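Line by line, the protein sequences give chains A and B. Per our numbering, the first sequence starts with residue 1, numbered consecutively. Per our numbering, the second sequence starts with residue 1001, numbered consecutively.
Worth double-checking, as some hints may not be accurate.
Now the stretches of chain B that chain A is said to cover, found in silico as 3 or more residues with beta-carbon under 8 Å [as the list claims (entries may be wrong)]:
| # | region |
| --- | --- |
| 1 | 1105 to 1118 |
| 2 | 1132 to 1142 |
| 3 | 1150 to 1164 |
It is worth saying that the hints were derived from the structure and are not from the lab. All values derive from a computational prediction rather than experimental measurement. Every residue gets a Cβ at the ideal spot worked out from N, C-alpha and C, and that includes glycine.
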Amino acid sequence: MRNAFADEITRLSAGDSRVVVLSGDIGNRLFNKFKATSGDRFINCGIAEANMMGMASGLAMSGFRPVVYTITPFTTTRCFEQIRVDVCYHNAPVIIVGTGSGLSYAQLGPTHHSCEDIAILRTLPGMTVFCPSDPAEMRRGLCAALKQDGPVYIRLGKKGEPTVTDKNDGFELGRANTLRSGEDVCLISTGTILPVVLAAADRLEEQGVSVRVENFHTVKPLDTDRLKDVFTQYNLIGVVEEHGRIGGLFGAISEWLVLQRPHNTRLLSFAVDDVFLHEVGTQDYARQRFGLTGDNIFNCILEAHKDR
Amino acid sequence: MSNSIVELEHISRRIRTRIVENSHNTGMPHLGSCLSCVDILTALYFEIMEIDPEHHRHGTRDRFVMSKGHGAPALYQILAMRGFFPYADLVESDHKGGGVFGEHPPTPDHLPGIEAATGSLGHGLPIATGMMLACRLDAQKNKAFVLLGDGECNEGSIWEAAMFAGAQKLENLVVIIDYNKWQATDRSHDIMALDPLPEKWRAFGWSTYEIDGNDMTQVVDALRNVPDKTGRPVAIIAHTVKGKGISFMEDDNNWHYRIPTAEEVIAAKRELKVET
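The shape of chain B in the complex, shown without the other chains (with noise of 0.2 Å):
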């Protein structure tokens, strides 16, 4: 597709408004988790992606894994309004019983659009490292976007399938972390020995990236400039706010859990400047 970044920019409003607004009518937690990351899905479903919601199944597709699965407010409302769904199902979706729009994402046989179901922290990217793993048995150039927390890259799933796809050079892999600085209950670097990101990932065989995740042209131009002609998987780490967007959630980490009030939608809807 070709959208300026004005209009992405715009696209990320709504879908941050959006996001907001199911979180209050439906009790769905982790807002913080899925304003941070929003930029990021807007350039790869608007803009980088090779993909056709009318042939969600096509196999020379683009796949984006949503590795931190409980991104999955966030997801739902991209591929909504991509098309992959009408928007009016996920409104009216039944979340007392009987809906697939839960916390985490569904089967892929249950929701158009999902590639994989994720919520168990550390699977995305092995499945994704499979999926590419086909894709060159294959001799399909196409591409898998993963995108990963930064509270995540605890698990050990993470380097095996990091260190496997370093040396199997899988240079159509990607991986973005959204690095929001924050895990469930703390800040992530004060859990585990995080940092340096960047270079833990070159030393497992990757290209990196550093960018500023929530600017979508930093964000677009490092997505256009993969595969990068190292011969590597690569890497993006972007640095984002927990919460972005809103004022009053922006690296509040009350934000993983809490629903917002009535008023405090009002109040977000005012910020964004758009309605949904």
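Isolated chain A, as found in the complex (with noise of 0.2 Å):
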């Protein structure tokens, strides 16, 4: 996904002379093409979040459309009061890019996991936050936010996602998509966890329980309309996202869900738990240590069907 990612702002970039990369001294050769096409727009920060991000409102705020990138941490948690203050109160079309989010460089270890990432930010008045299912998705929703009047939040995964959403879907910021229907259950997903939870779905189908997947790919804000159908139609919703359990999107489906009309639909959670992970291990291994399996999730989802 960041390969794609650094493709479709160098393409981005040759069209609209506004478009200026910020980078926190990460991405070595990464941009290799967009220094080519648009070296005076590639500007190396060092690694100095803060800054880098105070600058990118700066330039925001002087006409230009700065994207700012680094591992997921350093761009969120790192300098968070420089989003909070210089970039969402001044509204500053800033774009902020983490890469490597959620487990995916679980090998890193946790300095490098960012699980808190989508429940801070979302915090931020006029943020939008967008967690890309598969590399196709986030050239989409690269090219939306840069039409965006405000700052937006790109979740990146690391490399070899399969593609698993169509180019088709009419696709737009803050508005999810279904990806298949079914009667008996609803799945919903935001980010790169979306294969491993068609696979869920497909062994439930397997065992005859109808799953219907929506890939809530913008976190805020929240599809809300959507949500009002699927809880209408279903009594067993799983939401699953590779974030932590707090303030996430089950954390945003809940906040959403309290003040509705008494409903009787049983939600579950699939997501990281509030722990730090001190094991070493891949991004499969860390899935798995959380639950974020399809086979977890299709025993939990079972489960809970015939228990209805």
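Combine the two chains into a complex, taking the hints into account.
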């Protein structure tokens, strides 16, 4: 996904001289094409994220469209106050891109994991939180983000994500896409965990459980029309995200849900537990550790479905 | 503009009078911090900067960023006197509910003449650095002037920006440090090893100057001299006195938070010898 990001921003910058990329001393060679075509608009800001975010705000307030790129914890929690004050308070149209989100940098250890970013960024007024599920969706979202009037956070994975979305899905920031329709259960997913959700749905279908899959690529603004629709139709809904259970998509949906009329839907959360992962392992290992696998989702949903 | 030093000093005294009166009327603190930087603000807005209050968003304007955001009450007075909005707006604003003149500057969308909403320290310099990157990309020669407090130089983000601007040789970026030797609760050099400030900025790639920041001639001369042909950003270390201009406030850090009584306002006006 990060290669697709570099490719897409290079393409977009060629047609829009306002696009400026600010990198926090990462992306060795990743931006070579960008540098070749728009070299003066590539700024290596060093390992100084607070300054980088402040400068992005200054560039945005001067008419440019800065795109800030570094590893997710460093472009979100590291410089949260600069995002809050310099970017969001000024409603500056800065695109904040985090690479290696969730557990995709599992092997780098918890300093490089990001299971809090959705939670904290969606507290900020005016912020859009976009979690693409595959490279193609990331491209569509990046184009849309450049047309937004305010700040957008884009939560990238790492590399090798399979394409699971349809390029003719009528992508719009803030509007969920229905990937599959089904009668019995609804699975709501955000971000690169989507293929795992689809695998769980396949297995459930084999067991005769009909599954609808919703792709909530945008966590903020939350598509509450779609939520009203699914919470009216289903009494078993699972929310899946490669993010902490506190404050992510499950949190956002829960906040919305308690303000609705009484309902009898059972809601299950598949997310990262409220712990730091002290064991080293691959992204798949880390996902497994927290039950973010097709098998676990399948088992939990099947059990809950039988329980009704 | 071409005001004489005497005229600029007169403006400074009027601004100081208004700041003190406004503090009494509204209960806005940070008098000491506002009074120390008045001469710098007067020189910038009435002599140095290319600005047009009628077209305050013009792309080639010089920028001023009050990085020490608690200097806002001084900035409001300067902007009003320079014609960015009527003085009556400031005097009649509702400070108890609905006004825009808070203890720290609002966003540019909410008050003409404001370039950045500051208040959390250490933010203004990075923002202004971004503005100067934008000007460089647009091949414009306009300047950004950033006022830092000495206490504000505790913040790491100031030094991140300093290191970056030094390497990028942003020669139209000008930092002025309102070096009044105090921060909120103590002598600044007793809390952090701030001295020697000129050497620090030089080591980060800046061209540095040391002046008496309450001497109008020195302030104007230093500000006229930028960019200074070294190709480097410029840091002016302006030695100032907290509470400058009112004898019973000078160098007394109680005036970081104290609000003057009616009698103290009269006494201050008597010393400043001007009406608002």
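Results for each hint:
no.: 1; hint: 1105 to 1118; result: holds (count 6)
no.: 2; hint: 1132 to 1142; result: holds (count 6)
no.: 3; hint: 1150 to 1164; result: holds (count 6)
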